[in-house]
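**Q** Residue numbers (this note's numbering), protein chains in the order written: chain A, 254 to 458; chain B, 66 to 1060.
Honestly, the hints are just simulated from the structure, not real lab data.
Since the model is a prediction, treat every value here as computed from it, not as a measurement.
Hints are supplied without guarantee of correctness; some may be wrong.
Ranges of calculated distance between the beta carbons of each label pair, as one might list FRET restraints [claimed, not checked]:
| hint | chain 1 | residue 1 | chain 2 | residue 2 | range |
| --- | --- | --- | --- | --- | --- |
| 1 | A | N332 | B | R796 | 26 to 34 Å |
| 2 | A | E335 | B | V1048 | 53 to 61 Å |
| 3 | A | E335 | B | R494 | 56 to 64 Å |
| 4 | B | P1052 | A | V319 | 37 to 45 Å |
A virtual CB, placed ideally from N, CA and C, is assigned to each residue, including glycine.
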Amino acid sequence: MCFTIRKGNVSVAVENQRISALAELAVPAIPAVPGRGIVLWQRHPLAMLNLRGPGDRAFRDGVRQVCGCELPSSPNSSNVCEEGEILTLGPNEWLLVADPDTRWSENMKIACATLTDVSHARVVVHVEGEKAREMLAKGCPVDLHAQRFPGGTCIQTSIAKIGVIIHKLHNENDIAIYAARSYAGSLWHWLTASAAEYGYHVVAR
Amino acid sequence: MILQAYRLPQGGFIDRNKPLRFRFNGRDLQGYAGDSLASALIANGVHLVGRSFKYHRPRGIFSAGSEEPNALVQLEADARTEPNMRATQIELYEGLSATSQNCWPAVGMDIGAVNNTLSRLLPAGFYYKTFMWPPSWWMKYEHYIRKASGLGVSAHDPDPDFYEHRHAHCDVLVAGGGPAGLGAALAAARAGARVILADEGFQPGGSLLHETTAIDGMPATAWTRHILAELASLPEVSVLTRSTVFGYFDHNFLTIAETVSPHAPRAPRQRIWKVRAQRVVLATGATERPLVFADNDRPGIMLASAARTYVNRYGVRPGNRAVVFTNNDSAYLAALDLHRSGVSIAATVDPRPQANGEIATQVRAAGIRMLSGQVVVRARGTRHVNAAEIMRYENGRTAGAVERVDCDLLCISGGWSPAVHLFSQSKGRLRYDETLTSFVPAASAQAEQSAGAARGVYALADCISDGYAAGSQAATACGLSPAPPLAEPVVDRPSPGTILPLWRVDTDHTRRAKSFVDLQNDVTTADLALAAREGYVSVEHLKRYTTLGMGTDQGKTSNINGLAILAEINAAQIPAVGTTTFRPPYTPVTLGALAGAEVGPHFDPVRASAMHGWHQQAGARFINAGLWKRPQFYPHPGESLQQTINREVLAVRRRAGLVDVSTLGKIDIKGRDACVFLERVYTNRWRNLAVGKARYGLMLREDGMVFDDGTTTRIAEEHFLMTTTTANAVRVMSTLEYWLQVHWRDLDVRLTSVTEQWAAMALAGPASRKVLARVASADVGDDALPYLGYREMDVAGFPARVFRISFSGELAYEINVPADYGLAVWEALLEAGQSSGITPYGTEAMAVLRIEKGHIAGMELDGRTTPADLGLEKMIAADKDCIGKRSLALPALAAADRKQFVGLVTTDGRSAIPRGAQLVADSGHPLPNPILGHVTSTCHSPTLERPIALALLSRGRERYGEKLYAMSPLTGANMQVEVAHHVFYDPEGKRLRGC
C-alpha cells in the first residue's frame, strides 16, 4: 500500500513492524477453552481505504477502471475481487480492504472520489465455526441467518455497545468483525467470553 | 429420611428410579426426577410451606404453576440464594435446599402471626393512614414495616454465576407449549417457518402433562412426546423450556427469561432472549380462578386443576379425603382423577341447581356424593384444612343449616381466565365474554394472534386445532405456503356444562372471618368493601390502595375475582370496571439476568490507545474520558499525588514532556469546497490559511454557544485535518455530516473520521525540538517548522505528521503516526529524550499546564458560554457568516452582566480553591447571597507556586484586582480571592513560539 506521507514506497520493513491492537491477545499459543465450536483469528496487517463519492454511473465506472473492482450495487453488500474487497458503508461511502502489498492506494485518481487511508483504524477478527452465528447472537441484534444474511452481506451494527461492521464473506460459518482499533481489547474479551460456552481456539491465518 | 407417604404407586411424569434428596426447612426429604419442589413436598405430606405477607397466616401449596400466590420459598442460601421462588415451578434437583419465608422463628411457630389477631387494627390502606404523621418519622416506620411484612431476602454476597442475553429472530414465536402452542409450532414448522416455541415449564406440554385422555389413540403424554420429537427434528425450530415470555413490546419485540438447564456446561445461569418475530402466536393458556369464602386460604385448599396436576403428572396424593367446590364442570375432572387415584371424595359442592354436563354425569355414575345448589361457606382448621362448612345456595343467597364435611383437601374452581397478559402488553383490546365469565382477546394491535385457552377455547381437541390453524396462518402471513391440514385430533372429551358466575360466598354466618381475594397480599373482601366505601371506584386506584393484584404473582389468581367483586359492590357491570394494566414482566425476572454480561468492568467497553500497554507498565493511573482510559499521571514510589503532578508539570516547563493525545477527534476533510465548508463551520477565517499551516478554530452551536474548539491544518490545497476535543469527537463528526447531507448538499466536501487511524502524542517543553531532531528525518528548526507549521517526515523511521502546536504554552510538537506504529514511536521519543530529562505526563499535568496558560476546556465549554464570554470575540470574522453567528446578536447574549472568563488567585496564596465554588461579594451576606460567578477549573500551579483557578464571573473583565469570596457549599470552604486575567503564564506567548 502506498503511503501518502512518504509519497514513495513504504519499505516492507515498516509494514512488518505494525503492532496490532490485539498483538498480546489474539495469540494462538494461549490455551483456549477446550472444544471446537468456535475458531477465532485476526486478519492483520491489512490495507484499508475509506472511499467517498457520489455513487453515480460515472463514478462507478471510474472505480471499476482504476481499482479493477465493481462497487457493490445494493446497500449492505460487498464485492470480492482479486485485488481485495469492497464493502458498502453508506450511499456514498465504501471501505476497500486488501492485503498490505495491494496496488490500491490513497493516491489513486478517480474522478469525484475521496480516498483516505484507514489501514490502522480498525481491527478485524474472524469468527468461524458452526456455532459462530449462535455465539454472535449474544451481542449482535442483527439476524445473521443465511436466509437474511447471505454471503457477501455486510452491515454496521453494534456488539456489546461496540460499533462494528459485520461481513459474511462466503459462507454461513465465517464471519468477519471490524471494530475501531481502540475497542480491540473489549471486543476480544467479549468474543472469548461468549465463545467459552462452545469451546474455542485461536489460530493464525 | 422420610418415606414419600403420599406418592402414588404408579403414574405420572416422574422417574421412580431416580430418587433425589432435598432439604426443606432443615428436614431431609426425598423426591423423584421430574418432580417440582411442590410435588415433592406434597409427596412427603408437607403442605404448610409459608406464612402470609401481612397477617402471617399459615399457607400451603395452592396451584401447580406460575400463578402460585402462596408457596414462595427462599431457594438455597448465601451467594446463590433466591427469594420468592414459586415451589410449584422449581424443578427438583439433587441436594436442593429451600426454606419458608416471612416467618420467625419457624413456619410452624411464627411470632408475626399476632398480626392475624390484631387484624381489625390493620385494614386496607393501614400504612397510608397510620404512618403519615409526623412525616419525618416515615424513614423509621419504613424500616420496621419492611421487616415485619414482605417476602424473602436477597443475597448479600457477590453473585458467583454469570448471565447473558441472546438476540433471536424468527418467523413465528409461539408463547406457551401446551396443546395450542404445540399445535401452532407444528403447523408453522411444517410450513417451513423459523419457529421459536417458549414454555415456562421444565417439561413442555402444559395441560397435556396432566391429561388422562387419549389423543389419536395414544396417551396425551405420548402424543406430546411425538410432537416434540417432530419439532426437534426440524433445524429451524427451537423449543425453549424453563423459558417464560415475560414482555411483549412494540414491533413484535418480545423478551424471554430462560433458566438454563443446570446440566449445560459453561452455560450461564439465566439468559434473556430478545426476540424479533414476524408473527406471534400467544398460546399462554388460562388460569383457574379460586372461589372466595371464609378462611379460604388454609393449607390443603388448592385449585382443582392443580390437584389434577399433582395426581396425574406427579403421581402424588394432595390429600386423603377431598371436597371439590366448583361453579363449573372442569373441576369434576379433578374429582374423577382423585377418585381413581384412591383419594376419597367426601362430596362435590356446586352452587348450580343441577350440574348437568357429561363429566358431572360421570361423577354421579362413580357414586360420588354431589351436593347441588350448595356452597362452601367456610373452611375449618388452621394449619391445615380439616372440614368444609356447607350451606344451601338459593337465588344468590345462602340459606338453611350449616353442614360440616370433614376433609383434608378442598379443591376449588371458580372458572377460568385466559392468560391475556402478553396480549394486553402488546396493546391488544380485551372483551368481556358473559358466557365464559372472563376477559378474552378482542382486537390485536400487533402481528399476533391468540390460540386455545388463551382466547377462551377450552376443549382439548379444539385447543390443538385452534393452535394448528393459528400456526398455519402465521406461517402464511410470513409468505410461506400453509402446512398440510391437520386431521382433526381424535380426542375423547365430553362437552362441559355452563358456568354459574360466583365471585364470593357472602353469609352472615361467617361475618367475622376473612375471605381472601388476593392470597399473596392478604386482601380480603372486607378490604375491597372498605375501599369502595372510601371512594376507590377505579380499579387502578383500588389496586394501589388495597394492594390487590400486586406482589410477585401480580394477582394472577385474584385480579378477575377482585374486579368482579368491586363491580358487585358498586352495582356496576364487569366490563365497565375493566382490568388493571398488564405490564411486563409476566413473572419476576432476576436483576442478574436483566443485566446480562454487561456487569463490573464490562458494563461498558473500554477504548485504549496504541500506547496503552506502555502506560500500564509505567504504572500510570487511568482516568475515564468517555469510554477512553487515559493516563492521569505516572506516580513514582513515595510520591504524593501533588508531588507527581508538580514533577510532570515542571518537566514540561523546564525540559520536555510527552503526553498521549490519541483520544482527540480527527476528521479528514477533502474536496473542492473544503475551505468554504470550514468558513461556515468555524467562526474564524480559513481562506487565507497556507498549505502546511495549522490554525486554532472555534465552532458554535446554532444558538451561538461555543460547541467545540481545536486546530485544523491545511495538508494540501483541498485537504484539511480537523482536530476536536476528546469529548466531542463523535458529536462534531455527526454534526458536520448533518450539515453536509441536509443543508449544504451543493458543497463538494467529504469527511472521514481518522481518530482511530492515528496515534497522537504531544512532545512539549523547551527541549522538545532537540529531542525531536534526534529522531526526525527532516529539519524541525524554527525556519523549517515555525509555530503553527506542519510537515510530513519520518519519526524514528516511521511515516509521521508533525504539527508545531501547543496546548501547554511551551515549544511543542504534536506527532501523529499510523496507530500500529504508535508504541514504537512513543518509545523512540522517550529514548531520544532521555538525556534531556523527558518525562511522560498525564491528563492532570496537562490540565495544570492549560490552566496556567488560561486555555478553555470542557469545564468552560459548558454549553452556556459565547465566544465573548470566553474572551474570544476576536475569533469571529466580521466579513463572513458561520453557524451560530446570528444568535450572538440576541440581546441576552450581548448583555453587559454576562459571566466572563477570568482567573482567580487566593489572597493568602496558599488555600486551594474548590472547583464549583460560588463567587460572592460578601461572604457574610444573609441568604440568599447574590452569586456573581463560579469557579470552573482549579489547580495548584507549581510554576507560580500558588493555587490558581479559572472562573466565569459576571462583568469579570471589569473586576481585575477586585477581591471576592469563593464559597463551596460542598466542601464548606470560604476564602478570599482576587480576580486576575485568565492567562497566568507567559501572556506574550514567547515560549510557545520558541524564541
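**Q** Confirm or reject each hint.
**A** To see whether the hints hold, each was checked on the structure:
| no. | hint | result |
| --- | --- | --- |
| 1 | A:N332 - B:R796: 26 to 34 Å | holds, 33 Å |
| 2 | A:E335 - B:V1048: 53 to 61 Å | holds, 59 Å |
| 3 | A:E335 - B:R494: 56 to 64 Å | holds, 60 Å |
| 4 | B:P1052 - A:V319: 37 to 45 Å | violated, 53 Å |
Of the numbered hints listed earlier, the single one contradicted by the structure is hint 4.
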